[in-house]
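Construct all of the structure, not just a fragment, from the sequences and the given hints.
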Amino acid sequence: MLTLEKLQIVLDGFTLDADFQLEQGRNLALIGPSGAGKSTLLNVIAGFLPPASGRVLWRGEDITALAPGKRPISMLFQDNNLFPHLTVAQNIGLGIRPDLKLNAAEREALNDALTRVGLAGMAERKPGQLSGGQQSRVALARVLVQRKPLVLLDEPFSALGPALKHDMLRLVGDLMQEIGGTLIMVSHEPEDAQMIADVTSVVAQGTVTAPKPTAALFENPPRVLRDYLGS
Amino acid sequence: MIRGGPGYAAAAFVLLFIFGPLIVVFARAGGGTLPGPADWAAVRFSVTQATLSALFSVILAIPVSRALARRKFPGRNMLITLLGAPFILPVIVAVLGLLAVFGRSGILNSLLDWAGLPTVQIYGLHGVVLAHIFFNLPLATRIFLQAWQQIPAERFRLAASLNMSAGQVLRRLEIPMIRATAPGAFIVIFAICLSSFTVALTLGGGPRATTVELAIYQAFRFDFDLGRAAVLAVIQTVLAGIVALFALKYSRGEGFGAGLDRVVRRWDAQSAGLRITDAAVMILTALFLLLPLVLVVINGINGWAKMPDQVFTALWVSLVISLFSTALALVLALAIALAALHRGWVEVIGLLGIVSSPLVLGTGLFLIVHPYADPARLAFVVTGLVNALTALPFVLRVLIPSLRGSEKNFGRLADMLGLTGWARLRFLLLPRARRALGFSAGLAAAFSMGDLGVITLFADPGSATLPLQMYRLMGAFRMEAAAGAGLLLLVSSLGLFWIFDKMGRGDVDA
Amino acid sequence: MKYLAFATGLFAATAAVAETPVLTIYTYESFVSDWGPGPAVEKAFEETCGCDLQFVGAGDGAALLGRLKLEGKRTKADIVLGLDTNLTAAALETGLFAETAVSADYDLPVAWNDPVFVPYDWGYFAFVQNADLANAPTDFKALADSDLKIVIQDPRSSTPGLGLLMWVKAAYGDEAPAIWEGLSDNIVTVTKGWSEAYGLFLEGEADMVLSYTTSPAYHLIAESDASKTAAKFSEGHYMQIEVAGKIANTDQPELADKFLQFMVTDAFQSIIPTTNWMYPAVTPEAGLPEGFETLIQPEKALIVPADQADAVRDAALAEWLEALSK
Chain A
1 MLTLEKLQIV LDGFTLDADF QLEQGRNLAL IGPSGAGKST LLNVIAGFLP
51 PASGRVLWRG EDITALAPGK RPISMLFQDN NLFPHLTVAQ NIGLGIRPDL
101 KLNAAEREAL NDALTRVGLA GMAERKPGQL SGGQQSRVAL ARVLVQRKPL
151 VLLDEPFSAL GPALKHDMLR LVGDLMQEIG GTLIMVSHEP EDAQMIADVT
201 SVVAQGTVTA PKPTAALFEN PPRVLRDYLG S
Chain B
1 MIRGGPGYAA AAFVLLFIFG PLIVVFARAG GGTLPGPADW AAVRFSVTQA
51 TLSALFSVIL AIPVSRALAR RKFPGRNMLI TLLGAPFILP VIVAVLGLLA
101 VFGRSGILNS LLDWAGLPTV QIYGLHGVVL AHIFFNLPLA TRIFLQAWQQ
151 IPAERFRLAA SLNMSAGQVL RRLEIPMIRA TAPGAFIVIF AICLSSFTVA
201 LTLGGGPRAT TVELAIYQAF RFDFDLGRAA VLAVIQTVLA GIVALFALKY
251 SRGEGFGAGL DRVVRRWDAQ SAGLRITDAA VMILTALFLL LPLVLVVING
301 INGWAKMPDQ VFTALWVSLV ISLFSTALAL VLALAIALAA LHRGWVEVIG
351 LLGIVSSPLV LGTGLFLIVH PYADPARLAF VVTGLVNALT ALPFVLRVLI
401 PSLRGSEKNF GRLADMLGLT GWARLRFLLL PRARRALGFS AGLAAAFSMG
451 DLGVITLFAD PGSATLPLQM YRLMGAFRME AAAGAGLLLL VSSLGLFWIF
501 DKMGRGDVDA
Chain C
1 MKYLAFATGL FAATAAVAET PVLTIYTYES FVSDWGPGPA VEKAFEETCG
51 CDLQFVGAGD GAALLGRLKL EGKRTKADIV LGLDTNLTAA ALETGLFAET
101 AVSADYDLPV AWNDPVFVPY DWGYFAFVQN ADLANAPTDF KALADSDLKI
151 VIQDPRSSTP GLGLLMWVKA AYGDEAPAIW EGLSDNIVTV TKGWSEAYGL
201 FLEGEADMVL SYTTSPAYHL IAESDASKTA AKFSEGHYMQ IEVAGKIANT
251 DQPELADKFL QFMVTDAFQS IIPTTNWMYP AVTPEAGLPE GFETLIQPEK
301 ALIVPADQAD AVRDAALAEW LEALSK
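Chains as they are written, first to last, in full-length UniProt numbering: chain A, 1 to 231; chain B, 1 to 510; chain C, 1 to 326.
Note that these hints are calculated values from the structure, not bench results. Any given hint could turn out to be false.
[Unchecked claim] When the alpha-carbon atoms are kept at most 35 Å apart in a straight line, the in silico DSBU-like pairs for lysine-lysine are as follows:
(1) 148(A) with 408(B)
(2) 76(C) with 300(C)
(3) 6(A) with 101(A)
(4) 408(B) with 70(A)
(5) 6(A) with 408(B)
(6) 126(A) with 306(B)
(7) 258(C) with 300(C)
(8) 306(B) with 43(C)
(9) 258(C) with 76(C)
(10) 72(B) with 126(A)
(11) 232(C) with 258(C)
(12) 306(B) with 149(C)
(13) 126(A) with 408(B)
(14) 306(B) with 232(C)
(15) 306(B) with 72(B)
(16) 232(C) with 300(C)
(17) 148(A) with 70(A)
(18) 258(C) with 149(C)
(19) 101(A) with 306(B)
(20) 502(B) with 101(A)
Here it is, written out as structure tokens:
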């Protein structure tokens, strides 16, 4: 269970308030206009930005002051999700152990993850030799081996074509089930949210609404969402 | 993030090494003596010539590096390496090379004379500035070239798709980069020129061109006034420190985004006019920088056979010292650069090495060491250390932007993966700084080869370095053999630079 | 067994080292260089002394004195070799030097009766030129009036540079500033040391360079090149007399005296002309090397007595800076 307790974020004169809980195993989509603070909220949860006030709790434990690497979180950014100078295997391996000293079992887990995302045999390539879709798969393989219970996606697939993007989201959905983790993803597209998110929060006008079931929300959108969807 | 601990320790070590000797000299002198009017004139002249030299080097480096950054032609890498040569030449070799071109009976005046035009006179403030440009234009060019390559290719693609002209690209993409880079380049060159002595005196044409370092010489040799020498050394350090703080303040430009390490293609600079301009800029620069070198090489070849064996023994001594001080410079610079990621002012400490007066530094170290050990025994360590400190600012100037770029683009990813300490260094910062490390190691190594190791108080008569052996040959009338040694020095310095730089480039991964 | 043999060898070596007394001589850099007198002197002296002669090189004469002042009573030097008469008074003031009984029948243009310092060579400062130079000047005034270009050394960083300062002062006294003003348009540039100036001259940057009357001998003897000569000035030429002295609290007083005595014998003196390119203080029995007879012989030897050197020097430097900074 993730708890955002009276969280207030202040950045360049702009404030964002969030105060809700997210149950374990849920897939949450954050939807809202650009500039509303979706990415900023993810960065606070991940520990890259300190909140002005309030707390972030995971399973009742305060993690507000923890370093990003110490949180139970994997995150994919909009870009630079891979180190271009390291091989695919190294990039994934860093998710297992930051010193890359892998034992046999860990190496096997790495290979399994590669196979799982459909990149078997590409372990020694460097990211520059891969297509955009393949690069995304490498990043997802790392999420898989990291086995962190909370996964944050900050639109990592926005550069991919629609078909490829849907493939990736489907893969994410599957992986989340395998891990049994909780997902929070930023999205612009209602379809993306509807595809894998069972709950959705609207980020607009300085607040994050509490998660509501996605289907119900889109059937009967509140005003802020109607404004955003423009229908 | 990596903690700054080792960086602060390294910075403290540098401070101790620079100010410790100074304090000892003050203590021995029983306090400072105030400089006289002649000394203040020396301060004024030092600042004037250093400002002009740095200003012109930076301004001229912009078109040169721009031409190099946007043109591909056979031999480009070779040219870039060769253009670095003046920077690493021993001063006297370079000055003789320059005079062979610009001197009274040099090529330029012979041509002017032949064409019936009035000849030009190189001696004076303009000569000092010209020589300093010759030494430092290559450095400034390399700094800018590096910065130019940090503008991601995607930006130029975007500019091309917007059909931006060369002028618009300059304004939107290049000027912000120049504004962020120029102050740093300026301060490094200013600091180098501030303590110039041999060049300023030889080409300045007389005592009008007295620099602070010469005033220190006078205080030390003539009057044995250690207190005045130390006060002058402090003035020199403080001057450079003030300028450094200003430069760092204004060099905080916005950074540039990531972009993969691909070759930068330019769509805005395809017109014939711009091609010709770039070609002209490169040819003129190459002529200015390489012609004196060619003459050094020709002289050297003539004297090669006259070189005694001792010169080759000295080559080994120099190589060992050079590698030692390169390793030291890199370790110190890396630690300081990591600390400078948190607190930018730490870099200023690294700058102090080149402005500290060798004479005062050497005297202080000598006073510290002498009661306990034979200074000649420590000659190796002290020379290596002093050379490393001298190279430190250049290494920092190259390394810090590289580390900063890595942190900016991949810092969050590394944080998320919990890459801290050694793992972060090994898997993120060092590999991404490989090019910068190779280049700066090359600089440090070549620099140390060419340095005279002015700390004569520590001289070990048995193991002379190559530059010292060259001076000894000159002192014994053997100018031709000295020219041969100069060529050997040029070749070995450039060779070291080339090897390290090449190691840094390696295979391009992206 | 092996270990024992090794240990015995080690002890023997230590004992051998302990038996050989070490004589430490501080001197200037070019003396110890492979092309200076140092190596030959060391070999010749060690053949007779049963000692280990060790040279320590430190810059030039002024740097040598500076180092001695820094070290003070703790100096390891037994002998300091390479000071000249411009420095001996200041050296004496340190109180570090001892008198010596060593003496010889010196072939110096001036009388020598210093109880502390023993001269080992000497020379005249002079402007060196190409032998074919037209209208070579015969005094400073003629040089100042000519269009000839000269390179000189800075008196603040170089021994010959200081020599020239003293030369003009000794020859012209109160008129010296006027001479310098006259010379200022002839001076192409002022260099840090002798090497740079001589290099510039050989590169053709100037018609004349400040050096020694003996410099052409190098070109003649070592390179069979007779194209260089020194200009003979009618005012006379300033002298440089190079000396050595014994450190008072040396732990090798006998050996030090032995060296100073050796220094004025043929074995040492015959090395000097073709390594230091100066006149030996005592002409060897075999005479000077062939070629030295071609050198110019100044009519008058100028020198400021050691005890006045400091005062003259400071005044002359001020005048020099004043005249050339205009």
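Here's how the hints hold up against the structure:
no. : hint               : verdict
1   : 148(A) with 408(B) : 24 Å, holds
2   : 76(C) with 300(C)  : 40 Å, violated
3   : 6(A) with 101(A)   : 41 Å, violated
4   : 408(B) with 70(A)  : 20 Å, holds
5   : 6(A) with 408(B)   : 30 Å, holds
6   : 126(A) with 306(B) : 53 Å, violated
7   : 258(C) with 300(C) : 34 Å, holds
8   : 306(B) with 43(C)  : 24 Å, holds
9   : 258(C) with 76(C)  : 18 Å, holds
10  : 72(B) with 126(A)  : 26 Å, holds
11  : 232(C) with 258(C) : 38 Å, violated
12  : 306(B) with 149(C) : 30 Å, holds
13  : 126(A) with 408(B) : 21 Å, holds
14  : 306(B) with 232(C) : 32 Å, holds
15  : 306(B) with 72(B)  : 41 Å, violated
16  : 232(C) with 300(C) : 10 Å, holds
17  : 148(A) with 70(A)  : 11 Å, holds
18  : 258(C) with 149(C) : 47 Å, violated
19  : 101(A) with 306(B) : 57 Å, violated
20  : 502(B) with 101(A) : 29 Å, holds
Checked against the numbered hints given earlier, this structure breaks hints 2, 3, 6, 11, 15, 18, 19; the rest are met.
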